Amino acid sequence: MTINIETVSTDRVVKQGFLSRYGTTLAMPLGILMLLVVGAFLSDRFLTIGNLTNVLINMSIVGIIVVGMTFVFVSRGMADLSVPATVAVGGILVLMLDDVIGTWPAALVGVLIAAIAGVVNGLLIGYAGLNPVITTLASGTIVLGIAQAFVGGVIVYGQDPGAKEFLTGRLFGVVPVIVLIFLIVALLGHLALSRSVFGRWTYAVGSNPHATEASAVPVRLVKAGAFVMTATLAGFSGVLLGISLQAARPAIGAGYEFDAITAVVVGGVSLLGGSGSIPRAIGGLLFVQLLTNILVLQGVPSEPQGMVKGALIAGAVALDVYLRRRGGRE
Amino acid sequence: MTETAPALSMRGISKSFPGIRALTDVDLEVGVGEVHAIVGENGAGKSTLMKILAGVYQPTEGTIELQGEAVRISGPIDARKRGIGMVYQELNLVPDLSVAENITLGAPPSKFGLVDRKALRARAQEVLTELGARVQPDDLVGSLPVSQQQLVEIAKAYASNPRIIVLDEPTSSLSENEAQALFRVIERMKAAGIAIIYISHRLREVIELADRVTVLRDGRLVESRSAEGITAGDMIRLMVGRELTDVFPKREVPIGDVVLKVEGLTRPGTFEDVDLEVRAGEIVGLAGFVGAGRTEVARAIFGLDRAASGTVTVDGAPVEATSPRKGVDAGIAYVPEDRKRDGLVPQLTVKDNVTLAVPGDIARLGWIRRGVERKLASEKATELGVSPPVIDRRVDTYSGGNQQKVVFAKWLATQPRVLILDEPTRGVDVGAKSDIHRIIGELAAQGTAILMISSELPEVLAVSDRIYVLHEGRVSAELPRGASEQDVMQAATGEVAA
Numbered sequence: 001m002t003i004n005i006e007t008v009s010t011d012r013v014v015k016q017g018f019l020s021r022y023g024t025t026l027a028m029p030l031g032i033l034m035l036l037v038v039g040a041f042l043s044d045r046f047l048t049i050g051n052l053t054n055v056l057i058n059m060s061i062v063g064i065i066v067v068g069m070t071f072v073f074v075s076r077g078m079a080d081l082s083v084p085a086t087v088a089v090g091g092i093l094v095l096m097l098d099d100v101i102g103t104w105p106a107a108l109v110g111v112l113i114a115a116i117a118g119v120v121n122g123l124l125i126g127y128a129g130l131n132p133v134i135t136t137l138a139s140g141t142i143v144l145g146i147a148q149a150f151v152g153g154v155i156v157y158g159q160d161p162g163a164k165e166f167l168t169g170r171l172f173g174v175v176p177v178i179v180l181i182f183l184i185v186a187l188l189g190h191l192a193l194s195r196s197v198f199g200r201w202t203y204a205v206g207s208n209p210h211a212t213e214a215s216a217v218p219v220r221l222v223k224a225g226a227f228v229m230t231a232t233l234a235g236f237s238g239v240l241l242g243i244s245l246q247a248a249r250p251a252i253g254a255g256y257e258f259d260a261i262t263a264v265v266v267g268g269v270s271l272l273g274g275s276g277s278i279p280r281a282i283g284g285l286l287f288v289q290l291l292t293n294i295l296v297l298q299g300v301p302s303e304p305q306g307m308v309k310g311a312l313i314a315g316a317v318a319l320d321v322y323l324r325r326r327g328g329r330e
Numbered sequence: 331m332t333e334t335a336p337a338l339s340m341r342g343i344s345k346s347f348p349g350i351r352a353l354t355d356v357d358l359e360v361g362v363g364e365v366h367a368i369v370g371e372n373g374a375g376k377s378t379l380m381k382i383l384a385g386v387y388q389p390t391e392g393t394i395e396l397q398g399e400a401v402r403i404s405g406p407i408d409a410r411k412r413g414i415g416m417v418y419q420e421l422n423l424v425p426d427l428s429v430a431e432n433i434t435l436g437a438p439p440s441k442f443g444l445v446d447r448k449a450l451r452a453r454a455q456e457v458l459t460e461l462g463a464r465v466q467p468d469d470l471v472g473s474l475p476v477s478q479q480q481l482v483e484i485a486k487a488y489a490s491n492p493r494i495i496v497l498d499e500p501t502s503s504l505s506e507n508e509a510q511a512l513f514r515v516i517e518r519m520k521a522a523g524i525a526i527i528y529i530s531h532r533l534r535e536v537i538e539l540a541d542r543v544t545v546l547r548d549g550r551l552v553e554s555r556s557a558e559g560i561t562a563g564d565m566i567r568l569m570v571g572r573e574l575t576d577v578f579p580k581r582e583v584p585i586g587d588v589v590l591k592v593e594g595l596t597r598p599g600t601f602e603d604v605d606l607e608v609r610a611g612e613i614v615g616l617a618g619f620v621g622a623g624r625t626e627v628a629r630a631i632f633g634l635d636r637a638a639s640g641t642v643t644v645d646g647a648p649v650e651a652t653s654p655r656k657g658v659d660a661g662i663a664y665v666p667e668d669r670k671r672d673g674l675v676p677q678l679t680v681k682d683n684v685t686l687a688v689p690g691d692i693a694r695l696g697w698i699r700r701g702v703e704r705k706l707a708s709e710k711a712t713e714l715g716v717s718p719p720v721i722d723r724r725v726d727t728y729s730g731g732n733q734q735k736v737v738f739a740k741w742l743a744t745q746p747r748v749l750i751l752d753e754p755t756r757g758v759d760v761g762a763k764s765d766i767h768r769i770i771g772e773l774a775a776q777g778t779a780i781l782m783i784s785s786e787l788p789e790v791l792a793v794s795d796r797i798y799v800l801h802e803g804r805v806s807a808e809l810p811r812g813a814s815e816q817d818v819m820q821a822a823t824g825e826v827a828a
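For the protein sequence lines, the chains are A and B, in the order given.
This note's numbering numbers the first residue of the first sequence as 1 and each following residue consecutively.
This note's numbering numbers the first residue of the second sequence as 331 and each following residue consecutively.
Treat the hints with caution; some may be incorrect.
Computed cross-link-like contacts, SDA-like style, restricted to lysine to any residue with a CA-CA straight-line distance of at most 25 Å [said to hold, decoys possible]:
(1) Lys656(B) <-> Glu213(A)
(2) Lys656(B) <-> Ala128(A)
(3) Lys381(B) <-> Val476(B)
(4) Lys411(B) <-> Pro439(B)
(5) Lys381(B) <-> Ser502(B)
(6) Lys705(B) <-> Ser196(A)
These are computed hints drawn from the structure, not numbers from a lab.
No experiment lies behind these values; they were computed from the predicted model shown.
Given only the sequences and the hints, what does the whole structure look like? Please build it.
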């Protein structure tokens, strides 16, 4: 079917300002560069291979969750607050079952059970249309309660030091295995978001769910999918955390939801959906981790650190709203 | 002076929006205790005129006098203070509050800064009694049928002691009986000396209720006269009597077999027993007033909304119209009325929008093949004359006409057998409009069956091979090519000559 139309329309493209076009792309690399410079000035230990490797190791576990949380944000699913529960599910199950069925099968069970929690979230949010924040808050509380009842509030210890050694070891004596796993997950997540049909749909749903539905896209499935993915990845994070610590209690995942949300928001991924990317979210994570590292090296106590993170989130959200307004949309 | 002055006198009102002249030199005079009907086609300027009265818009030119006193209405709150009550077609009620609370919402009676519930209820009861409206003040508004909600809305406007009340299509969702209850309320308000401006497409109601009738057409006053002895035919003639200024090219193409066949399509209360057919190469118009059910029928055929009963077939094969995916797979495409809401994904690029409905054509095993995708998007963007055809540019940086072409491109990428167009040229400039007409003609020439909804009668008449007219959810007429505007208007108002 081909049509040839000689255009008589005189419409012109609306011009975009420099800031709204490049500002958001360049801000993060510049920010990270600035932190590296500032950090190097403040501390001799900061810009060493050892310290920077530690920063990478520290961000790997939460980084895996950030990948899932980015899908939630981009699809306008707000946030997944059940992350601490799904992390605990992964961590507890892998350690409870490792001497029964072996560590790697136990890991698989942990991830699958976490994924089931994600399916429940997805059904309630995507299909029943419930508010994501309230739904994941409720489901997270319930799942955590089940986990607590299950282990009786005590610490579960692992039985497989070999697995721990593998995870906390270094490939060729250089690259920490855990960092490598994180980078693989991030790469796969990035490809899925930027190059797959599902990823394209995720952006479309977050930008305009009505038009997306009218374009024959299974909108509810896409919304649900983001939560299934986040729960699965959080469960996987929990498994890695459990193995590398060889000990897990129900509170093991506390705070991961907040850290993941902070990273995504600071990375400039909009809470209003439709834009953002995995590299940006991970850039946000790196920024926060470097900042925290500098504060720690300076001997700043943890309370002011929390204030700095809170201020960062508020600032990032304000900037997002500002840039959207400048972009000319309501 | 004030005793004999009309309640409202608007003189020489003109209103321009960027690129559009919505009203030109319109006069409107409404006497105390008069029911004044305003009639006209969709887009004749009725709403704009009322929005000026309500303070939503400021007139570009012209003066407004209330009770003989020149005023400038600075905004909706100012309008209410000056005694102008508006009752819009879409109800503005809080469903979770009671009838009494809704009626007194603007200024609830209070004591020491707290709402005085007793006085509030008494005031609401008083208003309802004065109006003779049978609604219980303690009922939750959300639990009431639409007809009673309408009365609450009117009571709410009445409670602020207005001198003028504007009713915009108050009966569009009411049955005959329910409308009668409304008319009794209007009679009471009239007896209380309130000037009533009544906007309706139902000409029989106008004849029954109105003291005077003002007819608008293309933003101009055509006639303002006493309603005494006026007939529906008189009004229709005044509403449509226009010279054709736009020229719509129409290509003659051979018409083939029936492609789209719709039988008995029904959703109670919205549309009933709709039968349509569209043949290959045929352009069929679907006319009727806003609210007659045109968009609803189109969405149900495509599968975006569900019908309660009825069948849709494409090329003889039944379509289970339960989702847009099923519609697309059956070869149906739908260019929606509301481009911003249902047509475009603003933050995505032209390319992403164009390929959104055809994931199977651009991906293998769920992964997008970027070369294939780019090729398809460029082809379609170029074919439709998206200018400039930069497929990596965000679609919301383009103008309305180009955006509409992108929506067309998305649907043409699905290679539809049936293309449903809902107001395809709304909000696009003249150049893009002419492009879109040519695209439609070209598609018909290639054998696509086209069903087109448009509120612009000249457009429907010029482009269509055949026209169905909807009136209150039913097909009230099927008209051949060459039908006049008057024929369509007659069917659209339900005034079909037997």
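Hint by hint, here is what the structure shows:
no.	hint	in the structure
1	Lys656(B) <-> Glu213(A)	12 Å, holds
2	Lys656(B) <-> Ala128(A)	22 Å, holds
3	Lys381(B) <-> Val476(B)	24 Å, holds
4	Lys411(B) <-> Pro439(B)	17 Å, holds
5	Lys381(B) <-> Ser502(B)	19 Å, holds
6	Lys705(B) <-> Ser196(A)	17 Å, holds
Checked against the numbered hints given earlier, this structure breaks none of them.
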